[in-house]
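S.K.: Chains as they are written, first to last, in my numbering: chain A, 1 to 412; chain B, 1 to 273.
Heads up, a few of these hints could be off.
[To be verified] Computed list of lysine-lysine pairs in DSS-like fashion (alpha-carbon distance at most 30 Å, straight line): (1) K244(A) / K332(A); (2) K146(B) / K42(A); (3) K42(A) / K243(B); (4) K327(A) / K249(A); (5) K21(B) / K58(B); (6) K88(A) / K248(A); (7) K58(B) / K42(A); (8) K327(A) / K248(A); (9) K88(A) / K244(A).
Bear in mind the hints are in silico, worked out from the structure with no lab data behind them. Keep in mind the model is a prediction, meaning the values are calculated, not measured.
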Amino acid sequence: MTTPAIPEGVKRCPTRQFTLWLAVVGAVLLWGVYAMFLIWYKGLNQTGMNDAYGFALWIWADLAVIALGGGAFFSGFLTYIIGKKELKSIINYAVIIGFICYSSALLILALDIGQPLRGWFIFWHANVHSMLTEVAFCLSCYFAVLTIEFIPLVLENPKLDRIPFLHHLSHNLHEVMAVFAATGVFLSFFHQGSLGGVAGVLYGRPFAFREGLLIWPWTFFLFTWSAAAVGPCFTMLVTWLTEKITQKKLVRPEAFQLLAKISGWMLLTYMIAKIADTWYWAAVTAPSKGFSLMDFYSSNPVYGIWILIAELVICGIVPALILITRKGRENKPLLVTAAILAVLGVCINRWVMVLQVMAAPLLPFQDWYMYMPTWQEVATTILPVAYGAILISLAHRYLPVFPHEKELNPGQ
Amino acid sequence: MTQQPQHTKTKRYGMVIDLDKCTGCGACMVACYAENNVPFRQDESDKMRSLNWIRVMKVDNGKPFPDTQVCYIPMPCMQCDGQHMQGHSPCVSVCPAVATDYDQTTGIVSQIYTRCFGCRYCMAACPYHARKFNWWDPKWPADMEKYLNPDVSARMRGVVEKCSFCYHRYQKARDKAYVEGREELHEDEYQTACAQACPTNAITFGDLHNPEHSVYSRSRSKTAFRLLERLNTNPKVYYLSSKSWVRRKADNYLEGENFEQIREKARKAAATH
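Assemble the whole structure, with the sequences as input and the hints as a guide.
M.R.: Below you can see the structure in the form of structure tokens.
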């Protein structure tokens, strides 16, 4: 069916079906909103956190969505700065996914502070020595950039595009988009890095602490690198999922292939750096504080050496090898498997850099600290997924997100 | 953060706790609760959410009866000087809103409650778990409100708090000395509540830079050690113990490492500062 609000020449599902879908996802969203209300009203006692676990599920979710949202800045960099025209097929979608990830991260951060009404103190009383300050500034600025990148697409909705002012605004914004893409890359380098620095500078926590270059621990660079490597995998994965749900081809295969190839090489080089970092940490840094590698992977019910192997080998080296080989990339199930593994790998990395850091005991007479999130934490962590699904659904229905959709689906 | 004030001689207030004398009675904790308006809940069974600025840990030598030995370790905030002794203690540098302050004139690390917005990064940074979060609004039994210390502000839900070495007592002592035209404080003029309450005098407090204060010589004793010294946090809380196994439990060592040798090296390095 076609209405004036739907882009010309593409087919969308009936309104009733679309409304039903929104109602289902909306119910999940409302569940999350209720939990959010409880947390803001009653405080962080609604969570499973405690004095040993000051950072928990939300900080992991923040770090994970920001890494996965890295597809926006890296695809933008490849498209507008390097000039990879093939990626024009997917860049709009990368921006939307990035927008969802970053707005979710900001929402979770607003939940995760004990005094939400004082959240602005981080800007007003900024401590230049704190990595979290850098995160707050760069994250906010980059979210503003993503919003600017998203606006032209919104203005391309057929109804809005009919208004001359909005039409010209959209056109002019497109013209200067390379400037915003470059700004986004610059800001992303720092906030992805400073998120890595958040854990890396903790010299009182030997599991997280890393030496580095000048004021930046190695985790600063590793986080940026991994986000650039895995962000595009997440973009591909969401695109593939959207294609499956809508039963349409949305992106040219060459865009997938190029993104997969670049992502693969980025992932492989990241893994080499990450393994070198882990080896140096295990052989030099941790022993200098009196810890052996296995002190961090034993005597507890969860964190065994399996998690390190899963992160570095199964969800690191394996997907990298699949993605750098032509045969691996061209085999769709293998490509999707590699993307899933890579996404899992970066999520495991963010998990251990937050939750395992908190769990590992420091004094010899202490035990491991274990943590279980409450339903309120889980609901508010799922909330961004529901919000993302709704925004993607609306964008796909009413905006020309995929410029080659018409050409790829001639029968419709 | 590294500026040295010109108008006054720098102090370095610290604590020495003799573990051979500590009986684990908990008087220090009780005194601290009363002095610093530390709130408590009716149900305090969840110790991971209990607010306390000093807590007493029970440690044993791991041997079966009859060779079992027990030691109690009172743990306030370690008031770390940080790497390079410049006040970059683990919690101070990380606070995004400068709500954690290192006072260069005293070496005391304090928390500005009205500035803290509860991100808990300082808690993640502190290896001693000295920092506590206000998970609930403070509530005292009605009559008890009349006994709150007017010199210490109560904290609200959602902010982090911790031991301040009873900083309000320092301010009072400084005011008194100023009125009397003195620059220097006597050792007994500024003492923490826990040190005064300890029935066995296990806790001594004073200026680690001042040879006239007992902590000066005690912190340089051969049996003195600090917790997790190898992390380079440079705490200003020292412990004394004649028992080797207790000193061994204070830090992490790899198999085959001579811990007494490493500890002695760290002790000498601390003494030269």
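S.K.: Work down the list of hints and note, for each, if the structure agrees.
M.R.: Right, here's what the structure says about each hint:
The hinted pair formed by K244(A) and K332(A) meets the criterion: a straight-line CA distance of about 12 Å does not exceed 30 Å. Restraint check for K146(B) and K42(A): the C-alpha separation of about 27 Å stays at or below 30 Å, so the hint holds. Of the supplied pair hints, the one linking K42(A) and K243(B) is violated, its CA atoms being roughly 47 Å apart against a limit of 30 Å. About 21 Å separates the Cα atoms of K327(A) and K249(A), which keeps this hinted pair within 30 Å; it holds.
In summary, the hint linking K21(B) to K58(B) is supported, as the alpha carbons are separated by about 14 Å, within the 30 Å threshold. For the hint pairing K88(A) with K248(A), the CA-to-CA distance comes to about 18 Å; that is within 30 Å, so the pair holds. With a C-alpha separation of about 34 Å, the suggested pairing of K58(B) with K42(A) is violated against the 30 Å cut-off. A hinted pair counts as satisfied when its Cα atoms are at most 30 Å apart, and K327(A) with K248(A) qualifies at roughly 24 Å.
A hinted pair counts as satisfied when its Cα atoms are at most 30 Å apart, and K88(A) with K244(A) qualifies at roughly 21 Å.
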